[in-house]
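Asker: Residue strings, one per chain:
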Amino acid sequence: MMFGTNTSPYMHAPQGVGQVMAQVIYALVPGTLVLLWFFGWGVITNLLLGLGFALLLEALMLKLRQRPILPFLTDYSAVVTGWLLAVALPPYSPWWLLLIALIFAMVIGKHLYGGLGYNPFNPAMVGYAAILVSFPVEMTSWPAPELTSIANINLSEALQQVLLGGASTWDGLTQATTLDTIKTHLRLGETVEQISQGQAFGWIAGQAWEWVSLAWLAGGLWLIYRKIISWHIPFALMAALAGMALIFWLINPHTYSSPLFHLVGGATILGAFFIATDPVSASTTPLGKILYAGGIGCFTYIIRVWGSYPDAIAFAVLIMNMAVPLLDAYTQPRVYGTKGRFGL
Amino acid sequence: MFNLRKLWQSSGGLHLTDYHKEQSTQQPVRKLSAASAPELVIPLQQHSGHKPKIIVKAGDWVYKGQCLAEAEGIISVPVHASTSGKIQAIEERPIAHPSGLNDVCVILIPDGQDNWGDQRLAPIENYTEASAASLCERVREAGIVGLGGAVFPSAIKLDIPTPVQLTTLVLNGAECEPYITCDDMLMREQAREIITGCLIMLRALHEHAPADGLTCLIGIEDNKPQAIQAMQVAAQQAKDSRIKIVPVPTQYPTGGERQLIHILTGREVPSSGRPTDIGVLCHNVATARAIYQAIVLGQPLISRYVTVTGKGVVQPQNFDVPIGLNMQTLIQAAGGYTSKAKRLVMGGSMMGVALPTDQIPVVKATNCLWVSEQVAETTPLPCIRCGRCAEACPVHLLPQQLYWHARARNLEKVEQHHIFDCIECGCCAYVCPSHIPLVDYYRYAKADIYVQREAREKADLARERHDFHQERLERAKREKAEKLAKHKEASQTKTNPSDDKQAAIQAALERAKVKKAQQAVASPTTTEDKPA
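Each protein sequence line maps, in turn, to chains A and B.
According to this note's numbering, the first sequence is numbered sequentially starting from 784.
According to this note's numbering, the second sequence is numbered sequentially starting from 83.
Heads up, a few of these hints could be off.
[Said to hold, decoys possible] In the SDA-like style, the derived pairs of lysine to any residue whose C-alpha atoms are separated by at most 20 Å in a straight line are:
{"id": "1", "chain 1": "B", "residue 1": "K528", "chain 2": "A", "residue 2": "V1118"}
{"id": "2", "chain 1": "B", "residue 1": "K528", "chain 2": "B", "residue 2": "S181"}
{"id": "3", "chain 1": "B", "residue 1": "K528", "chain 2": "A", "residue 2": "I1085"}
Simulated from the structure, these hints should not be mistaken for laboratory data.
Remember, predicted model here, so these are calculated numbers, not experimental data.
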């Protein structure tokens, strides 16, 4: 009897890339639902447009690059990128804003570098950074949570805003994010305490944000529990950011926001658990991950406090993406039976 | 003795949900007769090292246990006849190799007598007083090799250089790989023989033991409760406090020599060193039993336990198989193939070797035949650097980086990432969500590095030769020039004496002239005198 020959191992764990990405998507659901609760239809339009453009562009690029389309579409990496951008952009974003963001993400950030696995930069953050520098007004005016929930804005108004854009009454429904408010008001000479009295602030960092951050946190912790991501990146990022914030807050609590504000405000939690953990563009060694995420935390604080953009996760991630090859090269773990880095 | 010992947790490795070991452990081991086999094909090269020298010829009649080929060189062991019979031929036959390579085999037609004749080795009964040298010599003589899979000659491992001191003898009964159960069954059924083999090894090593004696740790994975129990009973009966049965957590690849040593002793074998460097020696439990058979019974290694299992065989079970038995005959003994049989693997599902055909003899390295069903091939996706492979690697390599550099054939980087510490256990490839055949890349890269090293050595040698040749030519030229110069100089210095010579001649001539003149002056008188 003749048999086929191939090489060991002959067993394989049941999981594939598709299942890994699918679990990331499940973990995004709670946060997305909370966003939906506060911002209504705008979250759904963002999602539909984000996912639609992402899959369309992925398929188009695969076709142009003469790669098999179905195996790569079903790895769901495009869905994750589309979903992340959809929840990172302000709800009710005009369709063209999402399209431009996804062109930068999928075409330039991902496929021009060689597609899945070959992109040195986080595709979603490439898209985000591109539109943040190009369209700062659209990107920093978030709808007011109470005023734009499903109860207050119906589907046709939402569609009109997204597809045709710029209804004159719309401006009244948007407000600056809390990070932005803090920044502009500090420049006006007010103290953190005074600014925090404003109506946009909830307990810590803005009405909706506390709940949204908690929901992202829940999804992220589930990902760690499921071993889809390791604890290194999210916790090192939060520790570095909170550490920086703590130092300056202790020096002067009137001009520097509290560590808790920085953790809950902006996109910290989403960034820590879902964006910085993109394995392709992150460092891959345990120590490298800690340094990489620590760098993101530090840069996020520096840009938030002294830079000209209110939130900074995207830029911090892109900066640290550049350091990844170096980090990986110098943070090899000690191999069994060898001496470690310091001869230990 | 069983006592609770501290174990050292090792990171990495796999916790599999199913090790598929129950199927083949349901019934006792069945002994297959060598005498009734139609033919036995006994390859000469069954161990790692030099090929032994054949000492029989076609047409010879041999007894069971008779030496067919004797060891040649240091790293070599003899090969013995598994039963009595006639040697039909000595020719090349397919051996257990993934590429279906041929090698020299002795074709033995059993006579059905299974006659030892006078070929049984003299038993060494008082092994507790025997010299280490005589025990090692017997182990070598009996053709014993490591039966855990590496088939390295056991005598060489036992024959330790004088200054080396040991603390621990580790006996490997972990058997961590899925499907394989031959050591499990051996421990259940032959525990006493294993323990005796262990005592013989302790005797062979007594000169290297510390004052309070060697510790012998027998590591068995805790998914083999029956084997653990049988071994404990046997160890208690032996009444030797040095021997300790240590259940270890079930985690692939705990049975790797370096992994088991770390778990049991907390010490790591140096990357390019041997266990003896840290005072540890490791043998497989089946090797211990083979040593028992050689010393106490005088039997060379002519049979071994083999697991036949998988969805492709009708009755998975273990057999005591004579070396040289055709694999197809062995599968037939297990009820034959089922309709699902699509792949024949020698070894387990993680590190085994897939064989193209079953017309291959069972050898000393054959621990398991796993006949598996058809498995759907998955097209590999690109690496997403998720790092699961690094978490699973028992050696703490970065498989994702190794893959990256191996793919780019950046061999320098591959070596910097410690590729030669890779034990090819397959954990990385098992967990890879992109289904990349990672181990293939590492095997390829290792081979590539060997080839390059060889090429570099050759080039170095060629350059050395060329340089030497050049130098020789130059030296010859230089010497010639020097010689010429010397010659010239010599000839110049010689012209001066020749001048002297001429001067002398001149002088002589002058003198002669003067003399002649003088004679001319004087001659008239003489001439005048003449006529007178």
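Asker: Would you mind marking each hint as holding or not holding in the structure?
Answerer: Hints and how they fare:
1. Our distance criterion of 20 Å between C-alpha atoms is met by B/K528 and A/V1118, whose separation comes to about 17 Å.
2. Our distance criterion of 20 Å between C-alpha atoms is met by B/K528 and B/S181, whose separation comes to about 18 Å.
3. At most 20 Å may separate the alpha-carbon atoms for a hinted pair to count; B/K528 and A/I1085 exceed this at roughly 46 Å.
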